[in-house]
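Enquirer: Note that the protein sequences, when read in sequence, are chains A and B.
For the first sequence, the numbering used here assigns the number 453 to the last residue and increments by one with no breaks.
For the second sequence, the numbering used here assigns the number 70 to the last residue and increments by one with no breaks.
It should be emphasised that the hints constitute simulated quantities derived from the structure, not laboratory data.
Heads up, a few of these hints could be off.
Stated by the list, open to error - Derived lysine-lysine pairs resembling BS3-like cross-links, with alpha carbons at most 30 Å apart: (1) Lys68(B) to Lys309(A); (2) Lys309(A) to Lys246(A); (3) Lys81(A) to Lys380(A); (4) Lys246(A) to Lys68(B); (5) Lys30(B) to Lys81(A); (6) Lys309(A) to Lys81(A); (7) Lys68(B) to Lys380(A).
Stated by the list, open to error - Pair ranges (Cβ atoms, derived): (8) Gly85(A) to Arg33(B): 35 to 45 Å; (9) Gln241(A) to Arg33(B): 48 to 58 Å; (10) Ile87(A) to Arg33(B): 21 to 31 Å; (11) Arg229(A) to Glu56(B): 36 to 46 Å; (12) Phe413(A) to Arg33(B): 55 to 65 Å; (13) Ser415(A) to Ala44(B): 46 to 56 Å; (14) Glu56(B) to Leu223(A): 52 to 62 Å; (15) Ala195(A) to Ala50(B): 49 to 59 Å; (16) Gly271(A) to Glu10(B): 31 to 41 Å; (17) Leu51(B) to Glu25(A): 38 to 48 Å.
For every residue, glycine included, the Cβ atom is placed at its ideal position computed from N, Cα and C.
Residues per chain are reported as follows:
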Amino acid sequence: MSNPATLSLAQAARAVRAAEIAPHELLQACRARSALWQPRINAFISQEPHSGSGSGALGGVPLAHKDMFYRTGRVSNCGSKILRGWIARETASALARLDAAGAAQAGTLNMSEFAYGPTGHNEHWGDCCNPWNTEYITGGSSSGSGAAVAARLVFGALGSDTGGSVRLPAAACGVSGLKTTWGRVSRYGAMPLCASLDTIGPLARSAEDCALLLGAIAGFDPLDPVSSREPVADYAGLIHQTPSLKIALSSPWMQRDAHPEVAAAVLAAAGVLRSSGAELIEVEPPDFDTLSAHCLVVMQAEASAQHLKWMRERPADYGSSVRARLEAGYAIPATVYLEVLRLRAAWLERFCATTLEDADLYLLPGIAVPVPTRAETGPKGGPEMPRLLGEVTRLTRWVNYLGVPALVIPCGFDSRGLPLSMQLVGRPFAEATLLAAGHAYQRETDWHEQAPV
Amino acid sequence: MTAVKQWSGEAIEAALAAQGIALAPGRAEKLARGQQLLLDAGAADPLRAALEFDAEPAAFVFAMRRCKTA
């Protein structure tokens, strides 16, 4: 067998079940990769392992998760100074479910401080760096999840997505990342940021791998008050069926508003999907900017409320960027926040009745601009930094406001060798359809099999 | 569209001070500009005028159920 670390999660799990490889060999292979890559990309915060049950769909496969998923008796720093060394008193439901599926945990992964940043900068634990070029951002806030999966340090990782925090690292690092429907995966035992927007989702090497992870973690949890009782589909089984999908897209908008290299890659991906049997339907784009602004109102108000005590008592212990974002939330009038939430249902119904009127999914870029550098988007990024960050998050936040699922998968590389990505957005609880479309695309392409060297 | 009064740095500083949040000098003006953009976007929302009197935030869960299948 070639280097086991280069297998997909699905292949690794099959190899373990067939006794072609032992779980400790997978872990050794991942550790060998980590020894090489960790000094360069700073993906891990801790490499303290935890063994799962060893048997099950994910038996013995090493994963690692954003440093905000609690495990009883273990440290969760949440990427912060304030919670440095904090020991959890409960285990996140998502981790408990992965344990039950037999997965191993290789450690905890770097993240933006308190999951409140879209780039992967971290003033306390050091920036996580993009394995394709360490001068560039990983995307955030699940920065270590994207970087570790891309560099083949683990076979999959959990992230959280409140405004793009699974999809941005997936896009910038060239891996597959699923933002789940709000309520699809229990948030119990995961650090809260914004109750109305927070979701948990997997990052992995392929849509098939994401399907395996989602199958393990999805489903009702009485410990999460917004957990949905919607039945859980057989995601891993359904991706092998080839549905006749109708995919909406806004080609003129992409050609006008996205960077030319991004637009060309996503439109080429649309062509691949059409060749594999999908019907493409041109539609007007959703009102990204209004929806993003509404998302930001909810995000700022809820995050700032969550952090009010520490912002009063120890504001200097926040990194400068996170402190600035939190300050903004205290200027959101309660009436504005509630009006935006009251409008949310109408906006979801409009999206499903117009953009998805004749389609199953909506296709757009993951990020509309080329991946920026760490220098130009960091705390000392200069006057262009706010505009650039706005462009990075422009196509992800609107999805969180609508509460719908979205899958980001790689669809090429730009002229500098950084990944390009596409994003598919579905109706509530359409994860199976998203993953099937992603798998159909990845059967025809090999972008997801590329790894940095 | 309903006109939205412009946020000022002084108003931001006072609002935050009332919540126990101290700002660095000059920061309030920057915050005021950013928050004004958000308020303007809300005021320009095309669905705002048709928002039902009895619409409530929790009804979003019902909308998710209604929208889940084509």
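Enquirer: For every hint, state whether the structure bears it out.
Expert: Outcome of the hint check:
1. Lys68(B) to Lys309(A): violated (38 Å)
2. Lys309(A) to Lys246(A): Given pair lysine 309(A), lysine 246(A) is violated - Cα atoms ~48 Å apart, limit 30 Å.
3. Lys81(A) to Lys380(A): Status holds; Cα separation ~20 Å.
4. Lys246(A) to Lys68(B): holds (16 Å)
5. Lys30(B) to Lys81(A): Roughly 26 Å separates the two Cα atoms, so the pair holds.
6. Lys309(A) to Lys81(A): holds (15 Å)
7. Lys68(B) to Lys380(A): violated (43 Å)
8. Gly85(A) to Arg33(B): 35 to 45 Å: holds (38 Å)
9. Gln241(A) to Arg33(B): 48 to 58 Å: holds (51 Å)
10. Ile87(A) to Arg33(B): 21 to 31 Å: At 41 Å between Cβs, range violated.
11. Arg229(A) to Glu56(B): 36 to 46 Å: violated (21 Å)
12. Phe413(A) to Arg33(B): 55 to 65 Å: violated (37 Å)
13. Ser415(A) to Ala44(B): 46 to 56 Å: With Cβ atoms ~37 Å apart, the hint is violated.
14. Glu56(B) to Leu223(A): 52 to 62 Å: Between glutamate 56(B) and leucine 223(A), where Cβ atoms are some 25 Å apart, the hint is violated.
15. Ala195(A) to Ala50(B): 49 to 59 Å: Violated, at about 27 Å.
16. Gly271(A) to Glu10(B): 31 to 41 Å: violated (55 Å)
17. Leu51(B) to Glu25(A): 38 to 48 Å: violated (59 Å)
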